[in-house]
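Colleague: Now for the letters of each chain:
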Amino acid sequence: MKLYCLSGHPTLPCNVLKFKSTTIMLDCGLDTTSVLNFLPLPLVHSPRLSKLPGWVSKDGTINLEKRELLDLSTIDVILISNYHCMMALPYITEHTGFTGTVYATEPTLQIGRLLMEELVNFMERVPKAQSATSWKNKEIRRMLPGPLKDAVDVWMWKRCYSMQEVNSALSKVQLVGYSQKVELFGAVQVSPLSSGYSLGSSNWIIQSHHEKVSYVSGSSLLTTHPQPMDQSSLKNSDVLILTGLTQMPTANPDGMLGEFCSNLAMTIRAGGNVLVPCYSSGVIYDLLECLYQFIESANLGTTPFYFISPIANSSLEFSQIFAELCHNKQTKVYLPEPPFPHAELIQTNKLKHYPSIHGDFSSEFRQPCVVFTGHPSLRFGDVVHFMELWGKSSLNTIIFTEPDFSYLDALAPYQPLAMKCVYCPIDTRLNFHQVSKLLKEVQPLHVVCPEQYTQPPLTQSHRSDLMLELQPPPMPYRRCSVLNLPFRRRYERIYILPELANSLVPSEIKPGVSVATVSALLHSKDNKHTLQSVPKPPPMPPSKKRKRVIEEPPVALAPKPMLSGAVALEAFLATLQKHGITEVKVEETADGHILHLQAEDTLIQLEEDGTHIVCDSEPLRTTLRDLVLRFLQKL
Amino acid sequence: MPEIKVTPLGAGQDVGRSCILVSIGGKNIMLDCGMHMGYNDDRRFPDFSYITQNGRLTDFLDCVIISHFHLDHCGALPYMSEMVGYDGPIYMTHPTKAICPILLEDFRKITVDKKGETNFFTSQMIKDCMKKVIPLNLHQTVQVDDELEIKAYYAGHVLGAAMVHIKVGSESVVYTGDYNMTPDRHLGAAWIDKCRPDILISESTYATTIRDSKRCRERDFLKKVHESIERGGKVLIPVFALGRAQELCILLETFWERMNLKAPIYFSTGLTEKANHYYKLFITWTNQKIRKTFVQRNMFEFKHIKAFDRSYADNPGPMVVFATPGMLHAGQSLQIFKKWAGNEKNMVIMPGYCVQGTIGHKILNGQRKLEMEGRATLDVKLQVEYMSFSAHADAKGIMQLIRMAEPRNMLLVHGEAVKMEFLKGKIEQEFSIDCYMPANGETTTVTTNPSVPVDISLNLLKREMALGGPLPDPKKPRTMHGTLIMKENSLKLVSSEQALKELGLNEHQLRFTCHVQLQDPHSDADTLHRIYTHLKSVLKGYTIQHLPDGTVIVESIVIKVSSSAEDSNTKVLLLSWSYQVKTWTLFLERFVIIYSFKCSEQQQDRELIDIQWGGKKIH
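So the protein sequences, as listed, match chains A and B.
Here my numbering is used: position 577 in the first sequence is 1548, and no number is missing along the way.
Here my numbering is used: position 160 in the second sequence is 164, and no number is missing along the way.
There may be inaccurate statements among the hints.
Stretches of chain A that chain B covers, calculated by requiring three or more beta carbons in the stretch to come under 8 angstroms of a beta carbon on chain B [said to hold, decoys possible]:
no. : region
1   : 1214 to 1225
2   : 1277 to 1290
3   : 1491 to 1499
Not everything, but these chain A residues come out facing chain B in the computed CB check (under 7 angstroms) [as the list claims (entries may be wrong)]:
no. : residue
4   : Y1305
5   : P1307
6   : S1485
7   : E1558
Listed below are the simulated DSS-like cross-link pairs for lysine-lysine, each with C-alpha atoms no more than 27 angstroms apart in a straight line [stated by the list, open to error]:
no. : chain 1 : residue 1 : chain 2 : residue 2
8   : B       : K466      : A       : K1499
9   : B       : K385      : B       : K366
10  : A       : K973      : A       : K1496
11  : B       : K296      : A       : K1323
12  : A       : K1303     : B       : K342
13  : B       : K496      : A       : K1531
14  : B       : K266      : A       : K991
15  : B       : K491      : B       : K119
16  : A       : K1303     : B       : K293
17  : B       : K31       : A       : K1152
18  : B       : K366      : B       : K266
19  : B       : K278      : B       : K119
20  : B       : K135      : B       : K278
21  : A       : K989      : A       : K973
22  : B       : K228      : B       : K119
23  : B       : K342      : A       : K1206
24  : B       : K496      : A       : K1481
25  : A       : K1143     : B       : K496
Simulated from the structure, these hints should not be mistaken for laboratory data.
Ideal Cβ positions, reconstructed from N, Cα and C, are used throughout, including at glycine.
Make a model of the complete structure from these sequences and hints.
Modeller: Printed below as a string of structure tokens:
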């Protein structure tokens, strides 16, 4: 059993597990931090950006976390844990010869599809006049300035996929529900468990009858919108693969939410605008829910809230139909009422959503206002326009809530910036304290995690509480490592058909322990094994050649059982006597006795762990054998 | 032999009051807990005294599962849980959990407030009952306890309708509830995987019908409505609040839009409007098309269909009214029916099944004079039309489901005895499986023959599999031998050697030795070598070793040669083997040795060989 680690990014994992002849990919996250190396893609031509010396804006290119560690076409299934961890799917399933199945929950698929659509839309609506390719060449790259020169594995950066590739990739997804048991080739069973992080997010259990691997990715114990995390099902794992812990171990999500609200209110009161660069699904639902309660108390009832994204409407609508997977919102649909309060915000016109800044938005736009829009990297999407528009005024504020990108790097191309910047990253995923409590609870035999979790963060090297300390220590992995997972399979499940089961004759060896010898036909089909009674051999056709009878022994004949126990001398002599063998000379040796049956010219050597019969007469030998066997246990 | 017992308390050779008890692997499960629309007395509810004469049911049931929200499947639930007494888990899907209490409350109001019955469950009891409900998601495997697991499948009959797969160990039962195998305008088709249950308990409402295509029925329906409207008549469509109503609304809505019709369509108050809301929120339970387009246009936001008010019934001019309940046995639909029954221009379209005893059933059977309460009679002059829009599987659909699930036995409920009999014959003929149709209170017992799960040592399994060649060939079975160790509750199958080790027993070697004399002039070593080369040529596929210490080993048979003390031409062959050597091998050995010597040494005396073999003649 092996684990191939294709991504070193702890929150955007991509691992491949080889387990019992199946090859299972666990997530395929897309690390988009490489876009920070590019200039923003403006929606409106920006004289400032195009005048930057020596550079032309480039298209967003994306770093794909994979390497030729293994042939992607051999992957049988891909298990997706949440919609952020599936963004690289088209790169894996398209043009690689992949023929397997992808498993995901329905919200993960639907929202994942929206996010991919959004990404493609962001890229395609600003077609570039020219695109440079030769810069990836090593020689030229060396002469490039700044961080780009040092960027690693640039040759692996790929262009964004197309909508066609997205559709084709997503057509390979098969939907599963929480706690649904999915059989893979009869060999293993996989099952998604609620992980509490986002709508439809799941951890996975991969198990056979005797082995269990848990894959924990992006889990949360906070009571936000998703269904709570299912912890008890993770118990008794042989191996627990732990990824997707919080990226902000020092930031308390509740505190950040408070800070978010107060900064927002402050800016609006001062007459400024608030820009929130965020993903179009996920934390935004919680932000809106929080604002729903906050608006009235903070007297923001008249401030317009805008949500601008090509998928804004879909995202808000979709969130309402997965009430079954929502925590503490189920009761609402029984009334029936929409589970999320943003439906009411929309109804009362407090929240408006638009596909882009063009069209209706430009005519209905009022300031001061709050704008939620993507992409959080500030490199593409409608947010670029708002940065250009509002960056120069110190009245305005940008509030970062997504933890995926360094906000300083994100802001770099917009400098100098007069706008206020507030950084309140909200990451609801497990922190180190919660995870060690969880692990204590579920007690896996071994833990596998990214190496980043085994040491404190570089910037806070004294914080030994910001790392995993376990006994036995976790097995760290880094990008491109291949781990041999430390457990041996020793048993497999097999089914004994009733007919055979009835024919078995158990004998008690010790109190409470019985044994029975089994000779049966083994059927193996689809990785399932059954034992069936051996059919009676058909009567031999009268054969003309005797030789053939010997050459074709009946297959069904069982081998002789193993023997155990010892033959007691006195009892054995008595038995011999009963069978008419009286002239026995007993001779004592170091290990036992030698019985000389004088009339029959036969020797029997009796020892603690063996009996040796030296006899030339076939019938006598058979008799003696049967007598000896009476004293022994057969296995 | 393990058995599964099935006893219908209701719905046995009958429609209505669905309530089926299943005993499987020591677990007792109640499937559905419905009421009968045709009765107003005790027969309305299932006879729970069958389970226990006195007291509560909690100790006798492991769980209750409700398939969908129709009252003939859940109407007796508060009575059972609160009045008879049951505190265990009740499972139903989310939409059922949402809608069921509303219908129950509605039903309670009609019975208690309008008819003035006492000794009926109260609103509070409905609430208390719903607190015991655990929601189910589709395909989620729910572990009721350590042994009992249930899994819900999509049934398509109404919003949230589910089939359940109940499994204890390797025994299983599937209960379909009501289901529909053809997708309609708002729901998808039922689906189940090849789960091969021991018993498939299926409804059989339309056991003998094979319905014509949906499209024809829809066209028929629209034609009838249209004709009636054209001649200025009023059309009453009695429906249940949820289900058919939505499908017909979508149908009429699109038709009105296309034909640009102006006649008003009304929906009886309250409930149905709310019902549309449920459809919007549970959109994941509807069909593909609606789910795909709901962001752009929600199919359940109707433009032409407005809420009904009682006073509208007397308005002049044509109109279409959807009113509850669907069998004309009470409530608004009955009131409107009474008002409109006298006019032959009007029409009532019954889009679903009506149980015996209801007015719906009577008028469908052609009764034109109805006795109403208080000895009044009602002349029925309006047109009565029946359109089978009930989303039940027809005979074809039932057969289709059997092919999907591949059950070992079939059990029919929720249908009329005569029709069941017909379907039973067909099923037994086509699938050659047993088909049962117990009446209420009658127990069907099916013996199952479960395989015994055992843990086999991987070493043993791999060894045995390797014998079959490098690639496993399912068609070529292989024999395997091992020892089954039964300890406490575990069953382990291991090789004999491992069994000895695990049980801490020492092995007892049993060996045999015998002497055979041969005439051979060669030296001892040469004779042995000749034997060795000969065996090698004859016994292909056996391990034959010639060891330097002067022995030849065939598998585990040791052969040694020494010269006789008296005559150096007489060689004594020492054969030694252990008890475990297969007898036939040994025989073969003897045969081959002697045979070979006879052939190669022409001068050898044949008689001698016969004698040497312990008096036993080999050939």
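Colleague: Hinted pair, alpha-carbon criterion (27 angstroms max): K989 of chain A, K973 of chain A. Please report holds or violated.
Modeller: Roughly 5 angstroms between the alpha carbons, so the hint for K989 of chain A and K973 of chain A holds.
Colleague: Under 8 angstroms between beta-carbons, do enough residues of the region 1214 to 1225 of chain A, three at least, approach chain B for the coverage claim to hold?
Modeller: violated (count 0)
Colleague: Taken at face value, is the distance from the CA of K293 of chain B to the CA of K1303 of chain A at most 27 angstroms?
Modeller: OK: K1303 of chain A and K293 of chain B at ~26 angstroms, within 27 angstroms.
Colleague: Tell me if the straight-line CA distance from K973 of chain A to K1496 of chain A falls inside 27 angstroms.
Modeller: Within the cut-off at roughly 25 angstroms; holds.
Colleague: Take a quick look at whether K31 of chain B and K1152 of chain A sit within 27 angstroms of each other, Cα to Cα.
Modeller: Holds - the C-alpha atoms of K1152 of chain A and K31 of chain B are around 22 angstroms apart, at most 27 angstroms.
Colleague: Are the Cα atoms of K385 of chain B and K366 of chain B separated by 27 angstroms or less?
Modeller: Since the Cα atoms of K385 of chain B and K366 of chain B sit roughly 14 angstroms apart, the hinted pair holds (cutoff 27 angstroms).
Colleague: For the hint on Y1305 of chain A, does the least C-beta distance to chain B fall short of 7 angstroms?
Modeller: Holds, about 4 angstroms.
Colleague: Is K296 of chain B within 27 angstroms of K1323 of chain A, Cα to Cα?
Modeller: OK: K296 of chain B and K1323 of chain A at ~23 angstroms, within 27 angstroms.
Colleague: Next pair to validate is K228 of chain B with K119 of chain B; report whether the Cα-Cα distance is within 27 angstroms.
Modeller: violated, 34 angstroms
Colleague: K266 of chain B and K991 of chain A: Cα distance at most 27 angstroms?
Modeller: Between K266 of chain B and K991 of chain A the Cα gap is close to 66 angstroms, so the pair fails against 27 angstroms, i.e. violated.
Colleague: Mind checking the alpha carbons of K278 of chain B and K119 of chain B for me, to see if they're no more than 27 angstroms apart?
Modeller: holds, 25 angstroms
Colleague: Keeping to a limit of 27 angstroms between CA atoms, is the pair of K342 of chain B and K1206 of chain A held or broken?
Modeller: violated, 64 angstroms
This entry does not satisfy hints 1, 7, 12, 14, 15, 18, 22, 23, 25, going by the numbered hints stated previously.
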